[in-house]
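Taken in sequence, the protein lines are chains A and B. For the record, in the first sequence the residue sitting at position 59 is 59 according to the working numbering, with numbers rising by one throughout. For the record, in the second sequence the residue sitting at position 85 is 85 according to the working numbering, with numbers rising by one throughout.
For the record, the hints were derived by calculation from the structure and aren't laboratory data. Some hints here could point you the wrong way.
In silico lysine-lysine, DSSO-like type, Cα no more than 27 Å apart, as pairs [as the list claims (entries may be wrong)]: (1) B:K20 <-> A:K147; (2) A:K175 <-> B:K76; (3) B:K20 <-> A:K9; (4) B:K76 <-> A:K7; (5) A:K53 <-> A:K214.
Here the structure is a predicted model, which is why all the values come from computation and not from measurement.
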Amino acid sequence: MGMVDVKAKILEKNYSKAAVLRDKFKNTCVLNFVSSPGSGKTSILEKVLVMFKDKYKLAVVEGDQQTTNDADRIEATGVTAYQVNTGRACHLEATDVEKAMAELGYDLDLLIIENVGNLVCPSQFDLGEDAKVIVLSTTEGDDKPIKYPVMFRVGSSFIINKTDLLPYVEFDVDKCIGYAKGVNPELEVFQASCKTGEGLEEIAAYIEGMIAKKKNA
Amino acid sequence: MHEASIAASLIEIVIDTAEKNKAEKVTKVFVKIGRLAAIEIDSLEFAYDAIKEEYEIIKDSEIIIEDVPITGKCQKCGVTDTYEEMFFACGACGAFEVELLTGEELTITEIEVD
């Protein structure tokens, strides 16, 4: 009988794969979009990526349990997309991104990873990204940031989507932002509507800023 | 429900460590899970116990999980506190600039072997 010291991160393997990816992404800005299902991540990407798609080399990795519906929607806008079907898994892992990149190639200015719709599990899996962008829609309740604080803790920016529905739902924008800042004061916040177009140019400018920051790093 | 992938990664490390140390059997596995690690402890235990059956070397092992509370130090007033909620306003001065000390652990610390 004896004790063996281990002192290792349980997700060490995912971290080391993510580190290899991060190394290969030295000229590519990588944004990991996370949210609950149905918050409008794909809709935002459809509207925003077309604003600058001709200026950059970009691609989208779509993560869903099943179907190629989201990748088809992105491809329809003229942006390259690669669908990963996770089957039973509730999140993307670094190895999924590695497989996608074998198809897409690393010669990109921007890679968007649209994670599986889930505000819990994807928070623990590093994909080699520069930032996690959290999307929350106004139909979901303004207390989501404190109900799912782990994700808000690791996110860099936060989009409140479907603001066109505000007159019809019980959603207090200021309260929601207050909660989010309480969990993570560094969060950059955007308000958007894919119906009215509110905030979409700001999101595009934010992404272009991130691309420039990566190039100059 | 990503506890199954967490358990699988954990078991890989346990078996690897046991083999490197020429152990015949693993009896206990000690892990630390912070409250901010998004892990349901019961689910992790369940997943560990389900997967361990497939491996002779860990089949009789027990997973011992330390549930690590969230503690933080306020950068404004310097007070160190334990946080029950994950809303990080300093309990003493109300500032949001709280530096986390513990709560993000997702680590294996040691294993007991025969």
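So which of the earlier hints does this model not fit?
-> 1, 4
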